[in-house]
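Enquirer: In our numbering, the protein residues as written are 8 to 278.
By construction, these hints were calculated from the structure, which means they are not laboratory data. For glycine and all other residues, C-beta sits at the position ideal for the given N, C-alpha and C. There's no promise every hint is true.
[Claimed, not checked] DEER-style ranges, computed between Cβ atoms:
hint, residue 1, residue 2, range
1, PRO48, ILE153, 25 to 35 Å
2, GLY22, LEU227, 22 to 32 Å
3, GLY58, MET198, 43 to 53 Å
4, GLU129, PHE100, 25 to 35 Å
5, GLN254, HIS203, 51 to 61 Å
6, GLN254, ILE61, 47 to 57 Å
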Amino acid sequence: MEIEVLGPLDIRLDGTSIVPSAGKPRQILALLALRAGRIVPVPVLMEEIWGDRIPRSAQTTLQTYILQLRRRISAARPDVRRPTAKDVLSTRFGGYLLSEPVHSSDVGTFQRLTAEGSAALERGEAGLAADVLGRALSLWHGSALIDVPTGHVLDTEILGIEEARARALELRIEADLRLGRHAELLGELRMLVAQHPMHESFHAQLMIALCRSGHTWRALDVYQQLRSALVGELGVEPSDRIQRLHQQVLGGGLDKPRSTYVERDLALELR
8 MEIEVLGPLD IRLDGTSIVP SAGKPRQILA LLALRAGRIV PVPVLMEEIW GDRIPRSAQT
68 TLQTYILQLR RRISAARPDV RRPTAKDVLS TRFGGYLLSE PVHSSDVGTF QRLTAEGSAA
128 LERGEAGLAA DVLGRALSLW HGSALIDVPT GHVLDTEILG IEEARARALE LRIEADLRLG
188 RHAELLGELR MLVAQHPMHE SFHAQLMIAL CRSGHTWRAL DVYQQLRSAL VGELGVEPSD
248 RIQRLHQQVL GGGLDKPRST YVERDLALEL R
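Just need the whole structure built from these sequences, with the hints factored in.
Expert: As structure tokens, then:
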């Protein structure tokens, strides 16, 4: 079985997609795929589909959706000598389990590469970290499960995956900063701070890149934009860590050529 969730949902069994077109069976399959190899309790599936308005017919309707998924599995694997649809999507006490061995999973590969890239950065191997983290981020093809209707349970799962994506992006940019790619990062970082107006780490990285590219006043402007957003939306000042960075910019501490470890030290402060 091959599972792809970092963008449109695609789940293939023996090379054939088993993803249904109907929304609710699609939701169920997405949740089962994210928790492949683990039992998903019936109440969790019901919460995902109906939220807190679970109808009296929920149990019967859920069984109908499971039957529809098993029909897709049977169509993808007509050979009766192989594990049947009920073996692939099995009923367990209190829930259902996608038990087919997973040959490949884009989210699993992403998590592995992110861990490898993070470890390389910790060892000071910025070039390797930038390459590995870039490969991890290239697995994404839009927002996670972009074509799947979602309820509370899937929303929570997606939030965690998207936060991991943002963290991997922070680490990759940190690696590029250490490699002196300041000017090359300006366009990407401007886009990121526009998309995330209260994300301190992206703003800090843009400030560093601007200073290293000779645009100190623009770095100060980035700080003011962040401060305005935080005060206006949340009523809070920027963290002590980014305020210290602001003071370094004001004092010219980032204008002069220095070791690439300056970026490392500031990035560590912002974690």
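Enquirer: Determine for every hint whether it applies to the structure shown.
Expert: Quick rundown of the hints versus the structure:
no.: 1; hint: PRO48 x ILE153: 25 to 35 Å; verdict: holds (26 Å)
no.: 2; hint: GLY22 x LEU227: 22 to 32 Å; verdict: violated (55 Å)
no.: 3; hint: GLY58 x MET198: 43 to 53 Å; verdict: violated (34 Å)
no.: 4; hint: GLU129 x PHE100: 25 to 35 Å; verdict: violated (43 Å)
no.: 5; hint: GLN254 x HIS203: 51 to 61 Å; verdict: violated (23 Å)
no.: 6; hint: GLN254 x ILE61: 47 to 57 Å; verdict: holds (55 Å)
Violation of the numbered hints given earlier is confined to hints 2, 3, 4, 5; the remaining hints are satisfied by the structure.
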